[in-house]
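Start from the sequences, fold in the hints, and give me the full structure.
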Amino acid sequence: MRLELGNIRIEDVKFGSKTEVKNHTLYVNKEELITLLSEDERLASVSIELAHPGESIRIMPVKDVIEPRVKVDGPGGLFPGFISKLDQVGSGRTHVLKGTAVVTAGQVVGFQEGIIDMTGPGADYTPFAHTHNIVIVADPVEGLKQHAHEAALRNLGLKAATYIGEAGKNVEPDEIKTYEVLPLFENAAKYPNLPKVVYVYMLQSQGLLHDTYYYGIDVKQMVPTLMYPTEVMDGAIISGNCVSACDKNTTYHHLNSPVIYDLMEKHGKEICFLGCVVTNENVTLGDKQRSSNMVAKLVEFLGADGAIISEEGFGNPDADLIMNCVKVEKKGIKTVLVTDEYAGRDGASQSLADADQLANAVVTAGNANEVIYLPPMEKLIGYAQPADIIAGGFDGSLQPDGSITVEIQAITGATNELGYNKMTARGY
Amino acid sequence: MVKEIERAGIPVVHMCTVVPISLTVGANRIVPTVAIPYPLGNPKLSGEDEKKLRRELVQNALEALKTEVHGQTVFDN
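Heads up: the protein sequence lines correspond to chains A and B, in order. Okay, so the first sequence: first residue is 1 according to my numbering, each after it adds one. Okay, so the second sequence: first residue is 1 according to my numbering, each after it adds one.
What follows is a set of in silico ranges between Cβ atoms, one per label pair, in the way DEER data are often shown:
#1 A:72 x B:49: 52 to 60 Å
#2 A:269 x B:67: 56 to 64 Å
#3 A:303 x B:45: 39 to 47 Å
#4 A:378 x B:40: 43 to 51 Å
#5 A:389 x B:46: 31 to 39 Å
#6 B:65 x A:373: 42 to 50 Å
Examples of chain B residues toward chain A, derived with CB under 8 Å:
#7 17
#8 18
#9 19
#10 20
#11 21
#12 24
#13 32
#14 35
#15 36
#16 37
Hints were generated in silico from the structure; no laboratory data involved. Just so it is clear, the structure is predicted and the values come from calculations on it, not from any experiment. All residues carry an ideal CB built from backbone N, CA and C; glycine is no exception.
Structure (structure tokens):
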């Protein structure tokens with residue numbers, strides 16, 4: 001399966017009378033987009049604001065972040081099962097409005113939405129301080145149940161990103177990158193001397209607003225399956241989860257997963273990338289056992305020499321991570337785990353809820369319990385009050401001057417377990 | 001908590017859903033439960049069936065408490 005990604009560099013976003021891209025500036029017709037998004041009867045109000053890198057703006061509570069993309073050539077469209085019909089995606093050509101993001105915010109759905117500061121110390125912890133953001137604040141009609149509220153906001157973000165992405169359809173990209181993985185036997189035959197690597201892509205599926213969707217299916221209802229790496233680039237996986245902001249994979253993260261892009265970069269040079277095993281993180285032991293058994297079976301079945309396994313979230317999914325690791329290792333296949341840590345504010349506690357001696361190669365995305373002071377911003381998009389109740393916050397997090405003291409857990413993408421962050425550990 | 005109470009000489013049964021974590025932290029008597037959001041119940045069952053399930057889980061735990069163990073034991077009968 002072969003996909004061309006055409007990256008269109010966007011250097012500024014402005015409102016305009018027509019939604020279009022001209023000379024690296026994206027113009028958004030605000031009224032047209034609000035009219036489109038207001039069609040949802042579950043929403044009482046929709047407003048749109050822009051937030052640029054370096055501005056004194058705080059956005060919270062943030063639900064999801066989505067990169068605008070558009071299918072230019074090939075079957076299907078973006079976000080199959082939600083926005084587009086259920087065609088097979090991941091081939092042909094897709095254009096990307098690079099440097100922009102749709103951010104959905106509004107009244108808190110659960111208690112695990114995040115904060116994005118466009119400047120100041122918080123900006124160092126979120127990649128979305130460095131994108132030109134089209135922020136959509138939507139509030140639900142009175143009495144709307146939480147799950148319907150979540151579904152409405154999820155759909156709103158995908159719809160907005162699709163509408164904006166269309167502006168890139170007839171624009172000549174600044175660069176075109178080609179990603180291709182061949183069917184298994186052809187792939188292995190083409191690179192007989194390179195180690196064969198599989199990516200085990202763990203998706204949050206604990207239910208109760210902790211859900212992820214694959215081609216429209218709630219992944220807690222599926223068994224592990226195989227995916228070409230390019231499928232994810234067209235939105236085959238989308239986020240619906242309210243897991244702690246620091247280590248949930250927003251839809252933007254899925255579209256831009258560094259694990260997949262880096263493996264593709266090394267494919268045919270250092271490794272032979274066989275593809276992805278997509279799996280879940282369910283809440284019963286039986287489900288965890290079934291899924292981890294199938295992960296290990298599929299990795300072996302593919303003939304892998306090694307596997308990269310990434311976790312989403314923390315706590316009981318640590319058990320899924322370790323079960324996947326141990327079962328794959330016991331088949332004689334090496335693993336590297338990508339996770340983050342909840343090691344207490346001083347970093348001295350055990351980092352994961354589970355452990356095993358076979359988990360001997362682990363990449364950490366940082367300690368989510370570290371505390372940070374976020375000074376007041378000149379402008380707030382959304383609501384500040386949830387600071388005291390979102391995960392990472394505590395009673396007294398929000399001060400009268402507008403400053404917030406929280407664990408970095410509350411910052412969107414701070415310890416992202418796909419590695420889409422900049423945190424580094426250095427020895428002194 | 002399980003380990004500290006046992007250190008004081010009082011036997012403990014750890015009722016939990018994710019048995020591997022319980023094994024990792026060192027519980028000696030482990031009774032598997034239903035699911036993480038509802039360890040000792042099941043909203044999919046009728047009230048009557050759920051009460052039966054809960055009683056069985058507690059009885060299983062009491063049996064485990066009475067049973068002599070030599071090392072970590074999972075009571076998953």
